[in-house]
Every structure is written in C-alpha cells, then in structure tokens.
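Trainee: Sequence:
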Amino acid sequence: MDLAELREIGEKERTAQKPIRVHCCTSTGCQAANSLGVKKNLEQTCKQKHMGDRVQVVGVGCMGFCGRGPLVQIEAQNKLYEEVTPDDAASIIEAIDGGTASAAEGDPEHPFFARQMRIVRETSGKIDPERIEEYIAVGGYEPLYKAIHDLTPSETIDEVSKSGLRGRGGGGYPTGLKWATVAKMPGKQKYVICNADEGDPGAFMDRSVLESDPHRVLEGMAIAAYAIGASEGYIYVRAEYPLAIERLQKAIKQAKKYGILGSQIFDSPFDFKIEIRIGAGAFVCGEETALIQSIEGGRGNPRPRPPYPAQEGLWKSPTLINNVETFANIPAIIREGGDWYAGIGTEKSKGTKVFALTGQIRNNGLIEVPMGITLREIVEEMGGGVPNGKVKAVQTGGPSGGCIPASLLDTPVDYDSLVKIGSMMGSGGMVVMDEKTSMVEVARFYMEFCRGETCGKCIPCRAGTVQMYQMLTKILNKEATLQDIAKLEQLCDMVKNTSLCGLGMTAPNPVMSTLRYFREEYLTLLKDSPNGKVPAGTGASVTS
1 MDLAELREIG
11 EKERTAQKPI
21 RVHCCTSTGC
31 QAANSLGVKK
41 NLEQTCKQKH
51 MGDRVQVVGV
61 GCMGFCGRGP
71 LVQIEAQNKL
81 YEEVTPDDAA
91 SIIEAIDGGT
101 ASAAEGDPEH
111 PFFARQMRIV
121 RETSGKIDPE
131 RIEEYIAVGG
141 YEPLYKAIHD
151 LTPSETIDEV
161 SKSGLRGRGG
171 GGYPTGLKWA
181 TVAKMPGKQK
191 YVICNADEGD
201 PGAFMDRSVL
211 ESDPHRVLEG
221 MAIAAYAIGA
231 SEGYIYVRAE
241 YPLAIERLQK
251 AIKQAKKYGI
261 LGSQIFDSPF
271 DFKIEIRIGA
281 GAFVCGEETA
291 LIQSIEGGRG
301 NPRPRPPYPA
311 QEGLWKSPTL
321 INNVETFANI
331 PAIIREGGDW
341 YAGIGTEKSK
351 GTKVFALTGQ
361 IRNNGLIEVP
371 MGITLREIVE
381 EMGGGVPNGK
391 VKAVQTGGPS
401 GGCIPASLLD
411 TPVDYDSLVK
421 IGSMMGSGGM
431 VVMDEKTSMV
441 EVARFYMEFC
451 RGETCGKCIP
461 CRAGTVQMYQ
471 MLTKILNKEA
481 TLQDIAKLEQ
491 LCDMVKNTSL
501 CGLGMTAPNP
511 VMSTLRYFRE
521 EYLTLLKDSP
531 NGKVPAGTGA
541 SVTS
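Using the numbering used here, you'd call the opening residue of the sequence shown number 1 and step up by one each time.
Accuracy of the hints is not assured; some may be wrong.
The calculated DSS-like cross-link candidates involving lysine-lysine, where the alpha carbons are at most 30 Å apart (straight line), are [to be verified]:
| id | residue 1 | residue 2 |
| --- | --- | --- |
| 1 | Lys49 | Lys146 |
| 2 | Lys126 | Lys146 |
| 3 | Lys392 | Lys527 |
| 4 | Lys316 | Lys496 |
Computed spacing ranges between beta-carbons, pair by pair [unchecked claim]:
| id | residue 1 | residue 2 | range |
| --- | --- | --- | --- |
| 5 | Gln249 | Glu441 | 58 to 68 Å |
| 6 | Asp87 | Arg299 | 47 to 57 Å |
| 7 | Lys474 | Arg303 | 41 to 51 Å |
| 8 | Gly456 | Glu5 | 45 to 55 Å |
| 9 | Glu441 | Glu381 | 24 to 34 Å |
| 10 | Gly337 | Gly37 | 26 to 36 Å |
| 11 | Gln249 | Arg7 | 48 to 58 Å |
| 12 | Arg7 | Asp493 | 32 to 42 Å |
| 13 | Ala463 | Pro387 | 38 to 48 Å |
Since the hints were derived computationally from the structure, they do not count as laboratory data.
Computed from a predicted structure; not experimentally measured.
Cβ coordinates follow ideal geometry from the N, Cα and C atoms, glycine included.
With the hints as extra help, turn the sequences into a complete structure.
Mentor: Given below as structure tokens:
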C-alpha cells in the first residue's frame, strides 16, 4: 500500500459518513451505565424516523466527562447530553429536527472541556475505535508512512528527542534518549513493549486510550520499532481491562488486513508484528523488569539493574519499553514535528499530560492538559472544586505519589515541581480530598495496597510495608507514642533507600508526605495526647 491508497481509504470513509453524527460513548464507564442500550435505541429511532440518509449513530470512546455519563454528543449542532438513559434516546434524535430532548443538556464549552489541550486524546470520543477506516479518515497511519519513507530511523529518533517527550509511565525518562540507547545496541533481534499494566488506584488513563483509540497506540509502537530496528512488539495489558483487550485484538487484525502490520509495511523492507500478553493484575508487573519476566512466562519479579532492558531485556535482547500514553504521543510528534511538541508545556516538561481526576470533586473524569498548568486550575476551575466544603489535599502519582495540601495548589503540574513538594507525576492519577478526610487513614490505605502488592523478593519492601501498615494502624487506634512516629519515619527512609524496585522505593511517599504536611493529625492520635490535643513540646499546631 502506498500513501495514495491509504488516503483513498480515508476519503472513501469520509464520503460515506452522514452529515450528522450522533456520538454515543461506549467506554467501560458508560457501558456500566447502559450506554449500549442508549446506542441501540438511538439507532432504532433513526431507523423508525427514516433519518438514516443524514444521521449516523456512532459508538465512540471516552469523551472525558465520566461522572456525567453516559454521554451523547451531536457535534454538528454543538449539543452534548449527560446521564442519558435508553428512554432518552428517542427524544435526542427528535431534537435534531427541533424537538426537545428529555436528557439533561451539558455545556460543550464548560471549563472541563475548554481548558484541555488534546494530543493523546485528539480523536477519542470522535471516532469509532473498532473501525480502522475511521482512524485513517482523520489522518491515522500517515505519520508511520512518513517515518518509513521520509525519515531515516535516526531522523525519527531525532524528532522524538527534539520534542522533549518524557516517559508518561511515571519515571519521566527522556523518550528520545531511551530510543537512541536501544537503537545503538548490537544484535539483530530487538523488541518493543507497550506497558499497559495500569494498576494505580483511581487511575484509568491508559485503559481509556486503549478503548478509545487503539490504532494510535499501535501506530506509535510501529514508529518506535522502525526507529530502533525491532521486528516484534508486545502489549502487556492486565486482564481487568477486557474491553481494551477486545478492541486491541480487533485493531491488530484490521491493521494486518490492510498490510499496516506484518511484512513489508507500506511497500518497504520494514516488518513488524504485535502480540498481546494478558497480565494477572499484579501491580509490581508495572515495573519493567517484572513485566519482562511475566511476558517470558515466569513470575513477575523485578531484577537488579543494570543491565537495563535497553541493553538486555526480553529474552536477553535489547528492548524498548514505553507506556500507552507515551506511544500515543508519537504519531502527532512525527506528523507535526518535534519542535512543535517542544513548544507546549514547560522548559523541562514538554507537551501535555492525561490525568484521571477523581475523589471529592464535582467534575470527575479524564482530562488532558498542557504541562505547567497549576493544581488549582485543574481542581477548582476544571474540576469545580469539592461538592461541600473546601479542598484539603490532592494526591498525585497513586501509591507512589504524595498528598499535597491545599496551601500548595498553585504548584505547577510538571515532573520537577511535584517532586520538590514530596509527590510525583506518576502515570496520572489525581485524587481530590475534602476537609473530612483523615490523612492518616489515606496513608494507611495506600500502605495496605503496597503491602498486598509487593512481590516479596526483597526484605525492605516485603517486611517494611507490613511494618509501616501496622504502625499506622497502631496510630489510628491511639496506641502509639511519639517514639513510634520517629520509628515510622526511620522505617520510611530505610524502605525508600534499600528496596530493589520502584514499588518499594516509592511506597513510603504517601506516609512521608502526610507526616510532612499533616503532622498534627498524627500527633492528635497519640495515646499520650490528652483530649485530642498535641503533646507539649512537639512544635506542632493544635487541631480539633
């Protein structure tokens, strides 16, 4: 297939599309609220009203405003309907010709939407994720063609390096540098792995991208494979994501049918195939060496580094591992150029970031914002603040992150700024907490999660997370003393600095950040704290 043939497929698809497209969200969250029933009734009403010549009902991926789903959008009329039920479907179709819809009408210009900048999610919620033709119709796979025919592998890596893209899985390692490292490694066999083992509580960014735009991820992987000289790739996705797996399987099959995956892609010597590996839901398999062990059929245990996967990874071959969001950025970078992407964000944190905004917040869902936006803009303007009361804290980075107090909401959201205040970007979870939240309970919740997810290979993580959980429980039961607080801090430091992998190294972060910013809550729970007051001589303020 050449570029003209690819564009002919896209043009044929665009010509076949009806003037009015009714987009119905069919992502996991909306399906849980019966969006498939909504879609079915929308289609039946169109048929009954004989509107099929101009109205087309399309099942799309996540539109973002998850707390208001199921969502239905009529883009041509700038209409958005929220919390739609199957009984609302007929009135929505009738409203196209001037009727009144029974569903609640949303605001497409709401700050939740208006403040976003969509690169990774530019077509999510706008195309049918189960039809490759719709992806091609919006320019899909043209960046892959451009890389193969207009750029050398090294020039492709140069564009990624110029973009300043950093790994979106949490580590923030420069993507171009990682690609260049794998590319220069000797050996004929190299691999590309997409890490879709998203396990943070409250995080659903990667799941949404895979469900909404699977071809974008496949294209990013194929560009990476061309750049580093790989011929095989794997997507490692957890079994708890059945819809993402189903849509990925369809996307791979469709891409093979058109010759976009397989042998001699776009009439070139480049061969690349992708397989899916389904994980059993072990959080530690998000760590790249544990993930590799799992793909190979072993137990998902991390191993010491070096050697790093770029040097010796899957089956001891050089291996490139990036997460879903990182690969989803690649097509736009190749299409628009690295300099374009580098013009977005901050000096050291380029581009946009996708966040799952959850917790005690009015407007929860999926957002994509430019790096450098403040937490306050996200939480108060886009998220609408907490329903009752005030924001107390924002937890970023999942179990690996920290709890940021309301006094620091003006902190820019970028890799370095979040680390400075004791948290981290992580993969993109962002949980908002109100004044009723016990921060000690929050710390124990995340420690309970880490305690259950440790692989047990290294003693600091295996034993340390259990001991931290027990100490937090002791504090909550008002059985602890000031000496226990000191021991907890020492334990956090030990686990952080002696654990084998990132799970153990970052597990203490929620505890350390709550001790740093909400210390008085710990002190009022001590058994020698009379009437809930802070013990004398601690230097902490008294809270009721």
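Trainee: A separate judgement is required for each hint: does it hold in the structure or not?
Mentor: Hint check results:
{"no.": "1", "hint": "Lys49 x Lys146", "in the structure": "44 Å, violated"}
{"no.": "2", "hint": "Lys126 x Lys146", "in the structure": "24 Å, holds"}
{"no.": "3", "hint": "Lys392 x Lys527", "in the structure": "25 Å, holds"}
{"no.": "4", "hint": "Lys316 x Lys496", "in the structure": "28 Å, holds"}
{"no.": "5", "hint": "Gln249 x Glu441: 58 to 68 Å", "in the structure": "40 Å, violated"}
{"no.": "6", "hint": "Asp87 x Arg299: 47 to 57 Å", "in the structure": "50 Å, holds"}
{"no.": "7", "hint": "Lys474 x Arg303: 41 to 51 Å", "in the structure": "34 Å, violated"}
{"no.": "8", "hint": "Gly456 x Glu5: 45 to 55 Å", "in the structure": "53 Å, holds"}
{"no.": "9", "hint": "Glu441 x Glu381: 24 to 34 Å", "in the structure": "28 Å, holds"}
{"no.": "10", "hint": "Gly337 x Gly37: 26 to 36 Å", "in the structure": "44 Å, violated"}
{"no.": "11", "hint": "Gln249 x Arg7: 48 to 58 Å", "in the structure": "26 Å, violated"}
{"no.": "12", "hint": "Arg7 x Asp493: 32 to 42 Å", "in the structure": "58 Å, violated"}
{"no.": "13", "hint": "Ala463 x Pro387: 38 to 48 Å", "in the structure": "40 Å, holds"}
Checked against the numbered hints above, the structure breaks hints 1, 5, 7, 10, 11 and 12 and satisfies the rest.
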